[in-house]
Every structure is written in structure tokens, then in C-alpha cells.
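Q: For the record, the sequence lines run as chains S and E. In terms of the working numbering, the first sequence opens at residue 1 and continues consecutively. In terms of the working numbering, the second sequence opens at residue 1 and continues consecutively.
To be clear, the hints were calculated from the coordinates, so they are not data collected in a lab. There could be a bad hint or two in this list.
[Said to hold, decoys possible] Computed list of lysine-lysine pairs in PhoX-like fashion (alpha-carbon distance at most 25 Å, straight line): (1) E:Lys115 / E:Lys100; (2) S:Lys260 / E:Lys115; (3) S:Lys254 / E:Lys62; (4) E:Lys189 / S:Lys189; (5) S:Lys74 / S:Lys160.
The lines below spell out each chain.
Number of protein chains: 2
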Amino acid sequence: MKIFIIGLGLIGGSLAKALCRLHTVGGFDFSEDVMKKAESEAAITDLPIEEADLVIVAVPPKHTKEACIQNIPKMKRNAVITEVCGVKEFFSEDLTVAAKLYGVDYVGIHPMAGKEKFGYDYAESTLFEGRDFIIVKTAETTERALQIIYSTAGDINAGKITEISPMQHDAIIAYTSQLAHVVSSSYVKSRMLAFVDGFCGGSFQDMTRVAELDEDMWTDLFLMNRDNIMAETKQLTDSLNLFYDALNKGDREKLKDLLKNGRERKEHCRIR
Amino acid sequence: MKIFIIGLGLIGGSLAKALCRLHTVGGFDFSEDVMKKAESEAAITDLPIEEADLVIVAVPPKHTKEACIQNIPKMKRNAVITEVCGVKEFFSEDLTVAAKLYGVDYVGIHPMAGKEKFGYDYAESTLFEGRDFIIVKTAETTERALQIIYSTAGDINAGKITEISPMQHDAIIAYTSQLAHVVSSSYVKSRMLAFVDGFCGGSFQDMTRVAELDEDMWTDLFLMNRDNIMAETKQLTDSLNLFYDALNKGDREKLKDLLKNGRERKEHCRIR
């Protein structure tokens, strides 16, 4: 298959490194340094977008829609375009329509992989191995597009593959991903942060790991999924307030109930 | 050295398994099965507490003070007693006085290691390797006690060793450990939890890992450190509310500032 990747950052670069083992991969990045590096590592070769069977757009969220719309007209008929943005409903319909106009099939994907570090230099061919892989499907998604995406997910050794609608995707991701970044960024605001060296178990590291994020990208993601993130943030602060009240009252039974309920919910949802 | 460990759960059992490689280790656990298993694995041998140079109390928080006070009279003069409870101010002074009465030295420790699983069956000799190790020191802590504790920390290959007062210990641990458990237990309360399978990146796993906890033990710890945990919970909900407000207003600059500040704080505090 011929694949063209637009944006060779952490995700696009990792896709190039993984897919070049099996396919002819072309690519583009605004950074000349990145282009040179990707070429010298043979992650990309000299393939024009016009020849690609699959185009993967892996640019920052803010530019995803625009990058797709600008490149769809260059693509050959019956090719498939996808993008890896962490929010979907915002542009899903527009891209479906734009792709259709040019005889191209659009389907969104969201490989659930990342790092606290970003950019091509941190890209790895193994980034997606065993990780959840989401296919964002609408009534207009074609079988052909699905087939190409499933085979690509297999090529990068993705873990569980799930199909879902754009609306449901955004609601769930607000909880599993975006809320985690809100919490991590909030957790490090405590005045006690200055004194933690020497006092850290694994739980502190876990809580604060993703506070090291790309604020431009996450600001855009947050604004593209505002209502869902607000709803999750509200639910979380409500739950935290229950702890605060139980502590304030010294209510042992209530505290224990809250913790027990949390343990049981976690055990019940244990994934894989 | 002769060491006696009271309570052979995850922490006590791991200490026995680590220390028996270098020392004569005796021990006691209410569970006969655990006693048999620890003996059969040679983690403990037939050493009476009366002969121990160091007694380590590793029972649940609720029983820590009582277990120390009951066993101090059995100890030989100039021996050292320590305990591994996650909260210290609650009983620090009482134990110092009780130990002094019997010519024994008390000093608290807090090895920052744990697991989501508890009990002897999960104990491992390597549990403490490279992990932070806290020595909770008061004006009355003796050099002799400190020497024994430092050498024991070395024997279990602890990482960074820090001395601190009981009050400071509790204030910092409320943030680095107990708040993380409050958050994790609250995070899993979202109604969205039922739909996460297939949608999880590392950040969701990190946020929810410690929700699987022993609710009896953590209820006791929380109640023994109420004020500090309430203060940290309040700070966190305040920070979360700033995100909520910025999202609600669609205030891009504010959102970006909150995330940038979080990233910078995290980078600045990067530990080891």
C-alpha cells in the first residue's frame, strides 16, 4: 500500500516508522530538519500524496480540519483520508462531506498512545503496540475505508480496536484522557509541591505525569470538547467534595463507603 | 543484627524477605498461615522479640500505636523500635515517651513503597529498592537509633533517605500519597466509567491505579491526617474549578496559562 503522512511529530513520526516496514510511506512536515531526519532514517521516501491509497493527517488539533480539506483535492479517487485528532465531532461531518465531493473516503481514528514528550525525535515504531485503537465511524463510513484502517491498525500492532460514533468518542475521551490532563495539571498547583523530593511513592508520579504537556495542543483539544470536559470536571469535584465533607465530619462510615465504592468500581471495570 | 518484625503483610513481609538475607530476622503475624509460609521461606526464623536489636512494627495504622506500646516492655534495653505507619504526628510523642520509659529508642520510618495488592503473598524482597525512605525525627531521636535505621535503609537498598519532623511528614504525605488516593477513588465515580474499555491511554490507568485500595487501612490513615488531607483536597478542587470556569467562558488564554503553569511547575519539581 502507498501511505502519505502529513505531520511527522510524535504520532505521525511513529506511524511512519512503524508503517515503513511494510509499505511505501511518503510524508510531509513543516520542519525541514524533521523531513531530512525522517528521510535519512528511511521512515519516509519520495512518494507524492497524489499516489497514496491512504493519507494520514497527524498535525496539531487546531490544524487538522484545514490540513484535511486542503489535501483532499490532491488525492486520487477512492483513496482514504484519516486523521488522528483527539476530538472528532467538531469536524467529522465537514470532513465526510469534503471527502465525498472528491470521491475520497474519510474515517477518523484515535490511536490511544502518547508520551509526555513530543516531536519526531521521540517517535518510535513501537508506540502503538498493544494500545487501544479507536475507529470513529458514521453512517457514511464505507467498508473500503474500514478495511484499510483495520489493516493499518494491524500493521502497527494496535491492541483492542473499537468502532464508535464521533459524539460518543468525544464523551468518553473527555473522561479517559482530557480529564486526566486537567487533574494532573491541577494536582501540581498545590503549595506543597516544593517539598515533595524524598516523599514520593508511585501514586504521586502517576497523578502528575501528564502535567508535562504541550499547552497549545491541549488548549485546543479542551476547547473543541468543552461541554464534555466540563461535565467530567464537575462530576469529579462533586466526588472530591464528598470526601471533603466526610473528612470534615470525621464520618468514618461514609469515608469507608466512598473508598469501598471506588475500589469496587475500579475492580469491576478492570480492563484487559 | 537481630531484627523482629511485627505484622508480615505487604510491607512487613517484604522487609523480612529483604532483611533475612543479611540478618537474623524473627517475626509475628496473627495469621498462622502467614507465619508458616514466612518460616518455610526462611523469611523469618525462631528469634524471640526479647533478643532483637531492632523491632519493626508493620501492622495496620489503627493498631500501630497499641502494638508498639504492648511490645516495648518486652524489648531489651538500648534496642530500637520503629513503625512504618503512613501518618506520624498522631502517636509520635506517646511512642517516644513509652520507649524512653523502658530504655528503648523510638524512631518512625516511612518507606515509600506499596502496591495495589496487599498481604504477605505479594511481599517481595525488592519492594523498597530505589524508593524514597523517610525517617521521622524529633528532638529526642538518638544517634544510635538513627544509625540503625540508616543501616537498615541501606540493607533494603532504599533510594533517597530524608529526615523530617512528624508534623512536616504528615503535611507532605497528605499531598504526595493520601490526596492521590482520594483523587483516584473519586475519578472512578464518573458515570462514564462503564464505557472506558477500548478507550484507555496511559493517563487513565495512572489516574485510577490506586483506587484499588484497602478501604479499612486508608479510612484510618485519612482520619489520622484529616486536616492536612482536607487542605489538599480543597486546594485541588479550587484548581479544578479554575479549569471549569475557563472552559465555561471559552477563555483560551486562561486555559493555556493554567496548562502552561502546570507544565512549568511539574518540570521545575522534577524529582531525581
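Q: All hints are to be evaluated individually against the structure, with a verdict given for each.
A: Taking the hints in turn, this is what the structure says about them:
1. E:Lys115 / E:Lys100: Violated - the C-alpha atoms of E:Lys100 and E:Lys115 are around 34 Å apart, more than 25 Å.
2. S:Lys260 / E:Lys115: Measuring from Cα to Cα gives roughly 17 Å; hence the hint holds.
3. S:Lys254 / E:Lys62: Distance of about 17 Å is within 25 Å: holds.
4. E:Lys189 / S:Lys189: holds (23 Å)
5. S:Lys74 / S:Lys160: Measuring from Cα to Cα gives roughly 32 Å; hence the hint is violated.
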